[in-house]
Amino acid sequence: MQFEFNIEGGDFTNAGTASSQVKKILKQLNVLPTDIKRIVVSLYEAEVNVVAHAYRGNILVEISPEKVVLILTDEGPGIPDISQAMQSGYSTASPHVREMGFGAGMGLPNIQKNADDLKIESEVGKGTRLEIIINLYKP
Amino acid sequence: MTIKEIAKELNLNVFCGREGLENKVTGGYVSDLLSDVMGNSEAGQAWITLQSHRNVAAIASLRELSGIILVKNNEPDEAMAKQAEEEGIPVLGTPLSAYEITGKLFQLLQG
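Keeping their order, the protein sequence lines are chains A and B. Here the first sequence stands for residues 2 to 140, numbered as in my numbering. Here the second sequence stands for residues 3 to 113, numbered as in my numbering.
Chain A extracted, bound-state conformation (with noise of 0.2 Å):
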């Protein structure tokens, strides 16, 4: 099963609409409450992070039986030094985002330890894509 979203930069008002649809649709099809948590906040995080920082992007939410991959690219200025963006509070964010609560550099942290697995690669001055694995619990 394969959805598709896509995130305008800057756009505050609606970042977490992916997150929220892909909810819905995982509690739908019975995923495991603490499964649906740690693909929620992985791909809520990944989702404010394109909209503070990119100029646009896409989603892509691939759903299977064993799994739940999230890929995420975005056109924007990139991450110079993926290993310094990792630790935790660090941040680039803008005084007015870090007003709202965001931008305390917790973002990537926080999708790190939710994942099964992370994969980043960036671009700078051309973006960044993100993978996210996130494997379903199989009693």
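No lab work stands behind these hints, which were simulated from the structure alone. Please note that the accuracy of each hint is not assured.
Stated by the list, open to error - Below, a list of computed lysine-lysine pairs in the DSSO-like style, where the Cα atoms sit at most 27 Å apart: (1) B/K106 / A/K28; (2) B/K106 / B/K74; (3) B/K26 / A/K28; (4) A/K38 / B/K74.
Based on these hints, arrange chain B on the given structure of chain A.
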């Protein structure tokens, strides 16, 4: 204890999301950092914050929090009120600071 009972006991204004007034409150989470709440809150907790924009309602809904308590006379902006209403997330308000209302809520839930 439900959001409705807490609103009555602590004299909270109910701004919107009345549909969720019977939500059961299992505890509280106090933070103005959205990623902190996203990553660390638990379903059923009431979120005490001064942030009053739409993303607060979105996070409360995604994390299945029981309600939002805005401190120091903050009121939800229009977009937040609209989303909270749609999602049935109760948004409450108090003139008290986060410190004071948290102490009162803690006591109430312990008692």
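Open item on the list: Against the 27 Å threshold, does the CA-CA distance of B/K106 and A/K28 hold or violate the hint?
Closed with: The hint is violated at about 35 Å.
TODO: Given the hint that B/K26 pairs with A/K28, test it: the Cα-Cα distance must not exceed 27 Å.
DONE: Roughly 21 Å separates the two Cα atoms, so the pair holds.
Task: Pairwise hint evaluation, B/K74 against B/K106, where the allowed Cα distance is 27 Å at most - done: holds (15 Å)
Open item on the list: What's the verdict on A/K38 and B/K74, does the C-alpha distance respect the 27 Å limit or exceed it?
Closed with: Violated, at roughly 31 Å.
Violated hints, in rising order: 1, 4; the structure is consistent with all others.
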